[in-house]
Structures are given as structure tokens and as C-alpha cells.
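S.K.: Sequence:
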Amino acid sequence: MHSAPFHRRDLLLAFAGLAAGPGWALTTSEQAWDSWKAAFVEDDGRVIDDEQDGISHSEGQAYGLLLAQAFGDRDTFERIETWIRATLATRQDALMAWKWQNGAVRDWRNATDGDLLRAWALLRATRDSGWSGHFRQVQRISRDLVRICLAPDPRASDEPLLKPADQAMATTASVIVNPSYYVFRALIELGQATNQPALIRTAAHGERLLTDPGALRDWIEVQPDGLVPAHGFEDCFGWDALRIPLYLAWSERTDHPALARVRDRFAATSSPKHVATVTGPDGQMRQHSDAPGFRAVAALAALRAPGPAGPPGQGYYPATLGLLAQIAWREGVKTPRSH
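In terms of my numbering, the sequence shown has 107 at position 115, counting the first letter as 1, and numbering is strictly consecutive.
Hints in this document: simulated from the structure, not taken from any laboratory. Be a bit skeptical, because a hint or two may be false.
Cut-off 25 angstroms, straight-line C-alpha distance, at most; resulting in silico cross-link-like pairs (SDA-like, lysine to any residue) [stated by the list, open to error]: (1) K326 to G64; (2) K91 to E22; (3) K326 to G224; (4) K91 to G224; (5) K91 to R147; (6) K265 to G224; (7) K265 to D232.
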């Protein structure tokens, strides 16, 4: 059972207030976080993806950790992390299994973005919130990300690419890559905190990768001659790739050329108050949405304060992106760090 009664309308009213102005209204943001918890976090710390038959996955658990840390909610943070350790983090390495459903792990492969985001959340909890007991796990995850989830770029063997999973294809002829898995700030901060320079180098190379317009896809293959659409996946800028501007903005890369290209993608719809969520390689809109969370990411890509508002029923994924966009605006755009 969920930890509290929940109504979609309440969530959207809270989100709307969150972005009413350029400031960070504590009471309103707390309401938004409480509504997200009520909707998607079980009492035991399991984060529910209601758009995928109620499964739980490493990405969702890691997003829950990031949000709990950002909102100063240690109790929820520890409950989510405890559930992770009891269920997903039971591989022989320090990474998580990807999928849990109906009481058991259903896919033991990892998803690299989930592990990267979890490690970053644990680092932020230790470094920024003073919540002790997690740094050793940060070190272990960072070590195994380097050991298991990096592969040489076929175009330049001394440059590392981020594999989307431990078992993802990676040969001297082709490496499969999900560009939305590059959370640049996380890679850099983890590399610095754990003395893993390969993670920092991966971030720098990933930023260069995204300067190629061909990287603006959900899935690509990096081959010696350049980037091509990944075999077996839809050739589109879609549900995965729309996180690219979120992570660039959060990492203070607001002048990156990919942001301008993404803005054009989001704008490829003529429906008022909608954004294009899936576009083909030619930029033509295939799907669009008025979900507040997707609109928040589109605003962030345009370097505007995210302002989610719209009809109820947006679901786990856009609701999560909406909250993350608020944090990215606060930390990466509105008040960037001094260097």
C-alpha cells in the first residue's frame, strides 16, 4: 500500500506552485515532494513505476534517493536505500539488478544510469547532507562502473564510452550507447570524490559525443567511421533522450550545442501547451504530450524556469522529471556553482 492517500489533482497543484516564480518556495516544494512520495514510494522504500505495470527498477530507486536528498528527507532516503540493498543490490559486484516485479528480481542485468545516479545520491547525502554511512558504497559503485561499464571508443581507443549495461555490446567495431545515461555532473563529482579519473574523462568525452547531431537519439552505435542508429531500436529522439537537456542543464552546460537542437525537437508540435516527446531522425513529431513534467524539461532546455502545469494523470516518469527539473534549475542554471 502507498504511505498516504493520493490524488493526481493534488500533485499537479503542488507542482504548479513549485514553479510559480524564480524562487524556491520551501513549503510548496515540500508539498510536491510529499505528493510524489505518496504516489510512488511504498512504506518499505520501493519506488513504483505505475506506467510499467507497477515494476520497480534501479533508475527509479536512484531517482527516489536523489529527490529525498534534495528535499532533506532522510527517513525516506534510508528506506529507499535499505530496499535497494535487500533486493536489487544483490549481484556479485556493487551494481544493481535492473528490474524487480511481483516479489523478485526479473532481470539481473544492470542499467548503468541507475548505478551512476545511486552513487551520486549517496555521495550527495554524505557530502552535502552529512548523512553518514554511505561513502564506502559510493567508492564500491564508482570502482565497478569503471571496471564493468566503460568501453574504448572505436574511433579513439584511449577515450572511454559509457556502456548502458555490463552486458551491452562493446567491440572494437561498435559500442552501443544510450546518450541519456550521461549525467555529466555525477560522473565528474564521483570521479573527484573517489579518485577515479576515468569517470571524469568519460564525462568530457561524452560532452564531445553530444556535439554530434547524430547523438540526439535514444540509442546509437559508435563505430570507427562515426555514429549510426542502434540496430534493433527505434530510430528516434524519444522517452530516453529527452533527459539529455535535463542532465546538461544540471551540469551547468547551458552553452552546449545539443541544448539548442533539443529545443527544436520539443517545439516540433503545433498543439498548444504540448511538447514533442518523440521525434524522428528528420525532426518530425511522432508523439507529443502536455504532461507537466515533460513541459518542465522543455522549459529547462530553453533555460527558463520550469513551470509544470496541466491535466492530471501524468504518471511516474513525467512527474519525476518535473521534480528533477526543479532541482536542476536551482543547482545548475539559476545559481550555478563558482569554479
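S.K.: Does the structure break any of the earlier hints, and which numbers would those be?
M.R.: 2, 3, 5 and 6
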